[in-house]
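J.: Add chain S to chain R, keeping to what the hints say.
Protein chains: 2
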Amino acid sequence: MISNTPKAPYYAVIFSSTLMDEIEGYDDMAKKIDQELESQEGFLGAETARDGIGITVSYWKDVNSILKWRDNELHQLAQREGRLKWYKAFKLRIAKVERDYGFVREE
Amino acid sequence: MISNTPKAPYYAVIFSSTLMDEIEGYDDMAKKIDQELESQEGFLGAETARDGIGITVSYWKDVNSILKWRDNELHQLAQREGRLKWYKAFKLRIAKVERDYGFVREE
Chain R
715 MISNTPKAPY YAVIFSSTLM DEIEGYDDMA KKIDQELESQ EGFLGAETAR
765 DGIGITVSYW KDVNSILKWR DNELHQLAQR EGRLKWYKAF KLRIAKVERD
815 YGFVREE
Chain S
715 MISNTPKAPY YAVIFSSTLM DEIEGYDDMA KKIDQELESQ EGFLGAETAR
765 DGIGITVSYW KDVNSILKWR DNELHQLAQR EGRLKWYKAF KLRIAKVERD
815 YGFVREE
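Protein sequence lines correspond, in order, to chains R and S.
Here the numbering used here is used: the first residue of the first sequence is 715, the next is one more, and so on.
Here the numbering used here is used: the first residue of the second sequence is 715, the next is one more, and so on.
Just so you know, these hints were derived from the structure itself, not from any lab.
Nothing here was measured: the structure is a model prediction, and the numbers come from that model.
One or more hints might be untrue.
No more than 27 Å apart at the CA atoms, straight line, and that leaves these computed lysine-lysine pairs for DSSO-like [as the list claims (entries may be wrong)]:
id: 1; chain 1: S; residue 1: Lys805; chain 2: R; residue 2: Lys775
id: 2; chain 1: S; residue 1: Lys721; chain 2: R; residue 2: Lys810
id: 3; chain 1: R; residue 1: Lys810; chain 2: R; residue 2: Lys775
id: 4; chain 1: S; residue 1: Lys782; chain 2: R; residue 2: Lys802
id: 5; chain 1: S; residue 1: Lys745; chain 2: R; residue 2: Lys745
id: 6; chain 1: S; residue 1: Lys775; chain 2: R; residue 2: Lys810
id: 7; chain 1: S; residue 1: Lys805; chain 2: R; residue 2: Lys745
id: 8; chain 1: R; residue 1: Lys721; chain 2: S; residue 2: Lys782
id: 9; chain 1: R; residue 1: Lys805; chain 2: S; residue 2: Lys799
id: 10; chain 1: S; residue 1: Lys810; chain 2: R; residue 2: Lys721
id: 11; chain 1: R; residue 1: Lys810; chain 2: S; residue 2: Lys805
If you want the footprint, here are the derived chain R segments under chain S, 3+ residues with CB under 8 Å [stated by the list, open to error]:
id: 12; stretch: 727 to 734
id: 13; stretch: 744 to 751
id: 14; stretch: 754 to 768
id: 15; stretch: 807 to 817
Reference excerpt, derived from the structure (chain R facing chain S, CB under 10 Å, subset only) [to be verified]:
id: 16; residue: Met715
id: 17; residue: Thr719
id: 18; residue: Ala722
id: 19; residue: Val771
id: 20; residue: Tyr773
id: 21; residue: Val777
id: 22; residue: Gly796
Even glycine gets a Cβ: it sits at the ideal position worked out from N, Cα and C.
Okay, chain R solo, but in the shape it has when bound:
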């Protein structure tokens, strides 16, 4: 579940959001978007959690990959629907990961 990203540098898109009470169609679209993401050039993985606030961080090889994903047809539809119906508020941040480290417990 924690993305197995390559050696830095790479990019992160941090998408933080709050949802409306009624979010018809949101879960279906989220599933489609997750599938579509997998085939995107430069996509390195994504992590997502929601309790109250939702945070999705997707990881990308470079800014160009992020811009291509922004313009993806299905993603464009999702963005329109999101503004029309699903999101109370969101903030999207594009960030260059400069360093990282991890920990995995020994069994």
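T.: Structure of chain S alone, referenced to chain R:
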């Protein structure tokens, strides 16, 4: 709940983690850490969500502020306890936010 960060550039620390089944003391420490964070130089805000994976993104003025926080005494204690008892795995990423934009629904 979505952090009201200043104009980019600034920094994000993306901390993704999975927890052990038994996490005695974790919630207390998390509360203390949240309080301690508020008074840190260069701290700009934090967003956190957990369902399965936990994602906490804290925002900082610059790398120097992040390094000071890394060395904070209470935070050092939390890091030791986390490795000893609470985390199954984690990944920490330090990233420079280059651009951002937001959306807030009109009432």
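J.: Evaluate each hint against the coordinates.
T.: Now the hints, each set against the structure:
| no. | hint | in the structure |
| --- | --- | --- |
| 1 | S:Lys805 with R:Lys775 | holds, 18 Å |
| 2 | S:Lys721 with R:Lys810 | holds, 16 Å |
| 3 | R:Lys810 with R:Lys775 | holds, 10 Å |
| 4 | S:Lys782 with R:Lys802 | violated, 35 Å |
| 5 | S:Lys745 with R:Lys745 | violated, 33 Å |
| 6 | S:Lys775 with R:Lys810 | holds, 15 Å |
| 7 | S:Lys805 with R:Lys745 | holds, 25 Å |
| 8 | R:Lys721 with S:Lys782 | holds, 24 Å |
| 9 | R:Lys805 with S:Lys799 | violated, 33 Å |
| 10 | S:Lys810 with R:Lys721 | holds, 16 Å |
| 11 | R:Lys810 with S:Lys805 | holds, 16 Å |
| 12 | 727 to 734 | holds (count 5) |
| 13 | 744 to 751 | violated (count 0) |
| 14 | 754 to 768 | holds (count 8) |
| 15 | 807 to 817 | holds (count 11) |
| 16 | Met715 | holds, 5 Å |
| 17 | Thr719 | holds, 8 Å |
| 18 | Ala722 | holds, 8 Å |
| 19 | Val771 | holds, 6 Å |
| 20 | Tyr773 | holds, 9 Å |
| 21 | Val777 | holds, 8 Å |
| 22 | Gly796 | holds, 8 Å |
In summary, the numbered hints that this structure violates are 4, 5, 9 and 13.
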